[in-house]
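Using the sequences and the accompanying hints, generate a full structural model.
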Amino acid sequence: MVTFVSAGVIGLSMGAQYALIAIGFTLIFGILGVVNFAHGGFYVLGGYLAFTLSHVLGVPFVAAIVLATIATAAIGYVVEIVLVEKYVVDHLATMLITLGFYQILITAIVVFYGAEPMDFSFPITGSLRSGGIFVPYSNLIVFVVCGAAIAAVYWLVYRTRYGIALRAMADDGPVARSQGIPPATMFPMAFAIATGLAGLTGALVTPMLALDPHVGEGVLLKAFVVVILGGMGSIPGAMLAAFIVGLTEAYASVYLGGSKGALVLFVLVLVILLVRPQGIFGTEARKA
Amino acid sequence: MSAAVSTLRVERASKRFGGLKVFEDVSFSVPAGGVMGVIGPNGAGKTTLINVMCGMLTPTAGRILLDGNDITGRPFHAVSRAGVVRSFQQTNTFRSVSVEENLYRALKFNRLADGESLRMDDLLDEFGLTRHLAEPSDKLPYGHQKMLGLIMTLAARPRFLLLDEPAAGLERRERSNIDRFVDHARKVLGCGVLVVEHDMDLVKRICPHILVLESGRTLAEGPPGDVLARRDVIDAYLGTSAA
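Heads up: the protein sequence lines correspond to chains A and B, in order.
The working numbering puts the first residue of the first sequence at 1, with every later residue one more than the last.
The working numbering puts the first residue of the second sequence at 1, with every later residue one more than the last.
If you are wondering where the hints come from, they were derived from the structure by calculation, not from laboratory data.
Worth double-checking, as some hints may not be accurate.
[As the list claims (entries may be wrong)] Listed next, the stretches of chain A that the computed footprint assigns to chain B, with coverage defined by at least 3 CB atoms under 8 Å from CB atoms of chain B:
1. 155-166
2. 169-175
3. 180-193
Quick reminder that beta carbons are idealized off the backbone N, C-alpha and C, glycines included.
So this is what it looks like as structure tokens:
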């Protein structure tokens with residue numbers, strides 16, 4: 001029972017991080033129709049920026065995370081305008097552009113920081129112990145911060161005029177434009193929000209897990225799994241699927257052993273997709 | 001706004017895609033409150049004409065003037081904001097959300113508190129949409145989706161409406177809804193309306209003035225009774241008789 005609860009809390013904490021990554025990924029896909037292969041790169045970038053700010057420049061950890069988030073969002077904004085915007089209707093081109101940007105970014109990080117893992121640690125150590133239940137504080141903090149960020153995104157996307165316009169743009173771009181919505185301001189902002197979320201997750205999570213130039217690949221893969229499971233372009237789908245993936249991983253690794261976790265996860269995804277090929281909240285394929 | 005009657009004018013407009021000429025040297029005006037029909041065989045350039053007028057495409061030559069102001073080359077959303085609003089041949093709605101949410105979005109995007117002044121509720125009632133407000137819009141019968149899309153264009157407070165085949169896909173008995181919609185747009189909003197349409201009965205009913213496009217040029221213009229009786233217009237539609 002105690003193990004069950006502890007694993008559950010860790011699963012929720014992992015689910016919350018996956019949700020943040022996947023919401024951004026699905027937002028970009030839903031609104032721009034772009035599969036952002038650089039998404040993991042923004043996670044890595046967030047980690048390195050937070051590391052540099054807090055461990056090299058001595059900025060307090062909280063401020064470092066906030067600054068890393070803002071910086072990755074700003075870089076995402078510029079990347080959308082400079083690299084993606086012109087080719088936004090060409091799916092293959094945007095895949096290659098984002099993949100290319102990812103390669104350049106990661107190579108730049110290797111050149112500046114080297115390929116070795118950084119010694120980046122979470123400033124708060126220790127665990128919450130209660131009745132034999134054992135939860136590291138870092139997991140709790142990640143869970144709370146990610147939860148707050150998810151709530152903020154939810155509010156932005158579902159409650160504000162800007163967010164409603166974003167969703168309308170994802171539904172049907174031409175109809176939204178005929179209602180006076182300007183795509184030129186919507187696309188870069190959507191990209192910035194998404195990459196900012198990836199940066200925030202990287203800044204927050206890499207000190208707990210690991211920070212080296214290649215941690216983004218696993219993150220991108222996980223985002224793909226979550227988004228396909230939840231339904232491409234669906235934000236509620238991504239949230240739900242992220243927690244399914246997080247909890248499955250946590251329980252499978254506790255009860256079946258680490259390497260079987262991935263196996264259970266992919267079998268589960270396969271089964272869900274056999275029953276619902278469009279994903280949990282997915283509708284039909286996106287219009288061309 | 002000038003004291004003179006507001007007009008939307010297309011002045012010597014041409015559109016080419018590379019070597020492909022879609023239309024050339026087309027000029028006409030739609031006055032506020034007026035209804036103009038644009039007809040012509042498939043491929044005559046009618047939808048491209050709307051695309052150029054609404055800002056989705058830039059004309060290769062010529063100008064689009066709204067009350068004498070050049071709006072050529074302004075982006076699509078800006079042309080909508082300026083009051084030249086189009087509808088699409090297919091449905092004009094946000095498919096993933098309910099009827100109510102569609103209307104809410106249209107009002108919200110145009111910073112309207114409600115559709116009161118536009119009397120949108122009257123049209124929702126008349127077209128039988130009021131009892132479907134909570135339903136997902138893409139589950140409605142096609143005719144209902146199409147009327148919802150047309151009603152949504154009103155939220156943008158158009159001064160000129162460009163309707164691309166509004167009756168296409170509607171059942172015959174539903175087509176009088178288009179008459180009713182156009183009438184509402186003219187009377188309540190004072191809109192000028194340009195209608196691209198294949199249903200000749202509808203065109204004759206609602207358009208006191210029509211323009212025939214054929215292979216990208218203006219073949220004829222005038223009242224439908226005169227224009228549709230012309231030999232060259234009949235030939236354009238039915239092919240030249242061998243005799």
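Comparing the hints with the structure gives:
1. 155-166: Holds: 3 residues of the stretch 155-166 of chain A have a Cβ under 8 Å from chain B.
2. 169-175: It holds, with 4 qualifying residues against the three required.
3. 180-193: Contact hint for the stretch 180-193 of chain A vs chain B: holds, 5 residues under 8 Å.
Going through the hint list in order, the structure satisfies each hint without exception.
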